Structures are given as C-alpha cells and as structure tokens.
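Top to bottom, those sequences are chains F and E.
Numbers given in the numbering used here equal positions in the first sequence, counted from 1, plus 1.
Numbers given in the numbering used here equal positions in the second sequence, counted from 1, plus 1.
FYI, nobody ran anything at the bench for these hints, they're computed from the structure.
Among the clues, some could well be false.
Just so you know, same-sequence chains aren't split out, so a pair can sit in one copy or run between any two.
Claimed, not checked - Computed list of lysine to any residue pairs in SDA-like fashion (alpha-carbon distance at most 25 Å, straight line):
#: 1; residue 1: 14; residue 2: 112
#: 2; residue 1: 201; residue 2: 279
#: 3; residue 1: 230; residue 2: 252
#: 4; residue 1: 14; residue 2: 165
#: 5; residue 1: 160; residue 2: 65
#: 6; residue 1: 201; residue 2: 105
#: 7; residue 1: 230; residue 2: 147
#: 8; residue 1: 17; residue 2: 309
#: 9; residue 1: 14; residue 2: 313
#: 10; residue 1: 187; residue 2: 112
#: 11; residue 1: 256; residue 2: 236
#: 12; residue 1: 17; residue 2: 116
Nothing here was measured: the structure is a model prediction, and the numbers come from that model.
Number of protein chains: 2
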Amino acid sequence: MSSYKRTSSPFLKIAKKFNCFYINGLPKRHCKPFVVEGHQVGLVRPDIMVELLRYPEVFIVRPDSVELNPAFRDFDERTARVEQVLQECRANNTFVTLKGWRNECYNVHSVLTDPPLLRMDRSATCLFGIRNYGVTINGFVHDATRGLCLWLQRRSPTKETWPGKWDNMVSGGLSVGYGVIETAIKEAQEEAGIPETMLKDIRPSGAVSFFFESERGLFPNTEYVFDLKLPCEFIPKNNDGEVETFDLLSINELKEIIASPDFKTTSSPIVIDFLVRHGVISPETGGLGSLQEPNYAQLLELLHVPLQSIYHRAPPSENGDKVL
Amino acid sequence: MSSYKRTSSPFLKIAKKFNCFYINGLPKRHCKPFVVEGHQVGLVRPDIMVELLRYPEVFIVRPDSVELNPAFRDFDERTARVEQVLQECRANNTFVTLKGWRNECYNVHSVLTDPPLLRMDRSATCLFGIRNYGVTINGFVHDATRGLCLWLQRRSPTKETWPGKWDNMVSGGLSVGYGVIETAIKEAQEEAGIPETMLKDIRPSGAVSFFFESERGLFPNTEYVFDLKLPCEFIPKNNDGEVETFDLLSINELKEIIASPDFKTTSSPIVIDFLVRHGVISPETGGLGSLQEPNYAQLLELLHVPLQSIYHRAPPSENGDKVL
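The whole structure should be built from the sequences, with the hints applied where relevant.
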C-alpha cells in the first residue's frame, strides 16, 4: 500500500538548482527569442537586450524577437559582425562572462543536424541563450568491497569557470569541427589519459537536457552521456592541466558530495542520471535501489527538459494563447 | 568532423507517434485544465466539454477551466458524483472509451505523492486527460549467439485495448491501493509467471513520460521502468489469460517490429528507452551502438516530456504571455 506522507526529495532539490531558469526564469522573465535567418537559436534576457540596442546595425530588437540583421549574407559575415560587437563589449567590460574569453568557438545552429548559421566564442553564447552541446563520460568501477564506484575529478583551481569544484571524470563542449563520439574520445585521452584499448568499451547511454542560469547568462545545456566501465586498477591521469585530482567515490560518498556547494551545479544532472540508470536511485524503498527519490518521475522529467520545444515553439494559436 | 547531411530518424518518427498529442494536439487544441479542489489534475478537449455541459451540477465549465463542483465535500462524494455521470454516459453510449468499462479504478491525484482527490474507472480517465502511472519490466537476456535479446508479449486477441499487438513483457497500471514496486512484482508474477527468486534482481531504471491521443481520449502517461536480466533458459508463462504468446527478440528483430503497426504505440517508448540505456541506439555511427538516431537528444526529450510542467503551469505573466 503506498503511503502519502511527505518525504524529502534530495535529488529533486538538486534538479531544481540546475534547472533554476527552467523552473523560475522561463515562466517569469520577459526573454525574447534570438532569431537568425528565420530560426530561433537563442533567448535574450531584458538586461542583455538593453546593451544590444546600442548596435542596431547588427541586432534588430523587435516586439517579439531579437533578430540578427538579415542583410548579413552568410556564415562568415554573421560571425564577423557579431564578433566585432562582442570584442567591443569585452573591451568595455559590458558583460562579466566575456572576462573569460576562450578563443574557442561554438557553432550556432537551428538544429544540431543542420549546417551552422554562425560561430561565437564559448564565453559569449550564454548572453544569447544559445544551446550548448557537450559530452560526458562516466568512468565507473565495480569494486569488490565498495560496490559501484564513480570516478570524479576536482577541477583545477585556475579554471575560469567553477574553479576547484567536483566534476565528472571527463567532459567537453562540442566545439566547431568535432562530432559527438570524436569529442568523447579526444577528451577522454586529454583529460583523463584513458588509453585507446579501454575506450573501445565506451557506451552511449543517453542524453540529459537542463536549463541553468547564472550571473554570466543562460545555459540551455544538452549533454550526450557515455558510460565506461574501467578496470579496478586503472587510475585516470590528466594531460591538459585542467584537473587537480581524480577520486573514486562510492555511492555513499557521491550522495554527500553531489548536494554540496563544492559540486559543479551543471555537472550534477549527469551523476544523477547515472545513479538512476544504474538502479541506485529508486522511486520507493523496499530492497531495490539504495537511495529513494519520492518524486522520481518528476526528477526524470527535469533531467530531460524540453529544450527542443522551447526553442522551436509552435506559432501562437488563433486566440493568442501559447500552450507550449 | 560532423556532417550535416539529412539522415533518417527512425526512432524520432516513432516518438512523434506516441507523443502525437504533445507535438500536434497540445499547441493547437483549445483544451481546458480540469480542476479539482484548486489543483489541475487533467485536461479536457472541447468535444468532451460539450457533453460535460449537460451536467452543470457536477462540472462547472469556466472560460479557462473545467472545475469539479467544489461543493462536493470529500473523496467519496467526488467519486460518487463523477461515477453517476459516467454511468449515464455509458448507458447513452456518449463516449467510445466507456464501452471498455474496466471495473478497476485509478486514483486521481494532484501529485502522485499527495493523497488522491477521487477515483475513477480506468476507461474514463482519458476523457479528462488524467495522468496515468504504470509500471513496466524489461525482461532481457544476453544470448551467447544472438547477443542482447528482449522478451516481448503478444497481447491476447480478446483484450479490449490494443488486441493482438506486440507489447512489453510485463506492464500494469498503478491501481488504487498498490505502490510502484508492489505493482511491478504482482504483474511479473501474474502476467509472466516470474518466480520470486528471480524478481529480487529487478532494478529500477528510470521513468518515461509521453502524451498520446487516440479516438478514446488523452493519455498523459508516465511509466516507471524496471530492468530484469533473466537466465537464458527461463521462459515467461502467462497466468491471467491476457497474453497470447511470449517471444525473445534480438535487436534486429526488435528494430523491425517496433516501427510496425503491430506494436502497441504506447509501449514503444519503453523499448526505445531500453535500447538507449543499453547502448544500442547511438547519436552517431562509428563503432558504438548498432542503431543510429541523428536526432538523439531530441529523442531523449520526447521520452520524458514535461507532464509535470504541463499540469502545474505557472500562472500567466503580466503581459498574458504564457512562456511554458
């Protein structure tokens, strides 16, 4: 017999944190779609819009959208004209996020499977709410005494974003020119020194989507998730200077760490998804799974928020009522 | 280097079928929230509303909602008054779905973890777009020659809904009085004769949510998913007369069958989720996974549509623009 007493929702609480914009910002903020060549590719907050108004030859702010000037002829012209504005903003310290200029670009797509419309420095995409795509590898071990364990990294204290925080073993953004699996393999080698012989066992295991907001901007993130069962004796070894240490955590250790402020908020959904898929988190107690989340179905929805629907909204119906 | 040529999306195509209401109906149909005791518990289509207008002492049709008369005092009175209307509709053949009256009730909740507000026959919940919760067990085998294989059932040709169709090995709705894990175990014994010794290995593996529509009504479904690795020699045996046969299918056989009209549409998301979690479906070709879905991230979103957000919509913002 199911009972209806209120129990705590440890993972739902975290899911609301990494979805702070989906839960609180999206229904309340008056953001406008960012439109390039007739496609919505982003979402612009009012505070960002105010700054973009200073560049009317590049950004056309309309009642219901912010449009990149449709007179720009192609990928190269769009990229150059936006870059020019961003460099000026960077020089003027207009946006905090541009202090972390990366000199590494993300492509801006309508849909990932379509050709890109322009490219933009990684640090700038959050200003326009451009969708980010990344890749994460969960390196795990079945330890004879500790049971299921997951490798995590501590980010280098010199990293521009989330310095010193706990993070997934291997992850990376889908940069210009790299495919999903290619990125996974490249990052596994650079970030954790995983040899090719072990990498043949990485297994595509799903994708998580969530919508986070920070002082830097908007983060509609989609992570392609891979699982990799590692030999017990293997120890990851960083090769690019971005990792402080690697640690192998048991389920009990993970449970403590993931809810702490020492964990990179936008990496926690991947760990929670891993714990769900491996049967660790359960909808009810009763022998199955060791951690309970009473709002299990809601948690699963918040690991896969409808970014596709948010960015490809149906036109308003006749009475102007947007249902989606 | 990723390429942008259009490739076919076999699984996305199926996901749009079991989400036909989420994709096409929800943005376009003028449905109204069904409200009980101040909580939205359902969604009512205009064609159903027309019939409910004949019972103004039970259903109050307002400009922006259909409300169950708030004068009803408690669970029992709400249940009895709705039942009375449904029995009259059933006698008058008002709704096709009521021909399949089940004499088995679903609880109607605001949230599953809260006490129920009323109960209603299973055949009637689709008229009000009440959320359904169910449980599915994926029984799978690692066959030495055929590789990963999944047990499926053929539904009995005498079943009221989806007669003779391919279906998951074990599934059942969360009926009044049963918990999630309890339902899984009960159904596994009744539907597939799985002995208790094997059942101790069932593993909670997530939940899928989707929003289907048929001539019978609206189906906002959430399925709690369990995986169960079975011994190669075990053969499921039905004990309740609802199953015609069980068959063990290889990945290649599954791939053919799942896209066919012989597969119960509302059971296919659970199979697709299984194939994603077991690394069979991959975002790209390249050695990993045997089946490719180029719109992988979108597929994952459509296996977990935001029923929670749809049923607990934030109030419209000041300018009347509903973003979610």
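For each hint, the structure was consulted:
1. Taking CA atoms no more than 25 Å apart as the test, residue 14 paired with residue 112 passes between copies only; the shortest distance there is 16 Å, against 30 Å inside one copy.
2. Taking the shortest alpha-carbon separations for residue 201 and residue 279, both the intra-copy value of 21 Å and the inter-copy value of 15 Å come in at or below 25 Å.
3. Taking the shortest alpha-carbon separations for residue 230 and residue 252, both the intra-copy value of 15 Å and the inter-copy value of 22 Å come in at or below 25 Å.
4. In this homomeric assembly, residue 14 and residue 165 come within 25 Å of each other (Cα to Cα) only inside a single copy, at 23 Å, whereas the closest approach across copies is 43 Å.
5. Within a single copy, residue 160 and residue 65 get their C-alpha atoms no closer than 37 Å, and across copies no closer than 50 Å, so neither meets the 25 Å cut-off.
6. Proximity of residue 201 to residue 105 under the C-alpha cut-off of 25 Å is found in neither arrangement, the shortest distances being 28 Å within a copy and 50 Å between copies.
7. Both within a single protomer and between protomers do residue 230 and residue 147 lie at most 25 Å apart by alpha-carbon distance, with minima of 15 Å and 23 Å respectively.
8. When the C-alpha separation of residue 17 and residue 309 is checked against a cutoff of 25 Å, the pair qualifies both within a copy, at 19 Å, and between copies, at 13 Å.
9. In the homo-oligomer, the alpha carbons of residue 14 and residue 313 lie at most 25 Å apart only across protomers (17 Å), although the nearest pairing inside one protomer, at 28 Å, exceeds that limit.
10. With identical chains, the CA atoms of residue 187 and residue 112 are at most 25 Å apart within one copy only, with a shortest distance of 23 Å there and 44 Å across copies.
11. When the C-alpha separation of residue 256 and residue 236 is checked against a cutoff of 25 Å, the pair qualifies only within one copy, where the shortest distance is 22 Å, while the shortest distance between copies is 38 Å.
12. For the identical chains of this complex, residue 17 and residue 116 are inter-copy neighbours only, at 23 Å across copies versus 33 Å inside a copy, given an alpha-carbon limit of 25 Å.
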